[in-house]
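Colleague: Just so you know, we're using UniProt numbering here: the sequence shown kicks off at 1 and counts up by one.
Treat the hints as calculated values from the structure; they're not laboratory data.
Among the hints, a few may not be true.
[To be verified] In silico SDA-like pairs for lysine to any residue, Cα to Cα no more than 20 Å straight-line:
1. K135 - I88
2. K135 - S122
3. K13 - E96
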Amino acid sequence: MPEGMIVKNMSFKVGQTLTIVGVPMSDATNFAVNIGPDEQEITMHINPRFNAHGDENVVVCNSYQGGNWCEEHREGGFPFHQGEEFKIVIEFTPTEFQVNLSDGSIIRFPNRMGAEKYSIISFDGEVRIRTIDIK
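Go ahead and model the full structure; you've got the sequences and the hints to work with.
Modeller: Set out below in structure tokens:
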């Protein structure tokens with residue numbers, strides 16, 4: 001998997017919304033958006049899979065804590081297309097991340113670590129990120 005991009009020392013807090021616009025490569029198998037407190041832990045892993053890890057056209061969410069992946073979470077649609085721009089809007093509440101996809105579907109993923117602020121966002125896989133906006 002290509003080495004991704006990491007944004008450090010950001011501040012994504014409860015009550016804020018993170019908007020990500022990007023384009024998966026034309027031959028992408030999958031990509032991931034990761035939000036966490038540091039580079040070792042991931043509280044919110046969003047992994048759209050075109051054809052990877054035995055999955056096709058599904059979004060898998062998870063957390064990575066203490067060196068282990070937690071229970072996978074699958075819901076929502078799959079509005080992603082290889083080579084075409086996408087937009088993901090993530091609303092951060094005290095109890096969950098509400099991920100709004102461009103097809104109108106919503107993924108509700110628990111804030112498993114319970115923090116009110118996260119400072120790292122990273123991107124992995126075959127994707128080019130165009131904009132990141134926190135409001």
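Colleague: Which constraints among the numbered hints does this structure fail? Numbers only, ascending.
Modeller: Of the numbered hints given earlier, the structure breaks none, since each of them holds.
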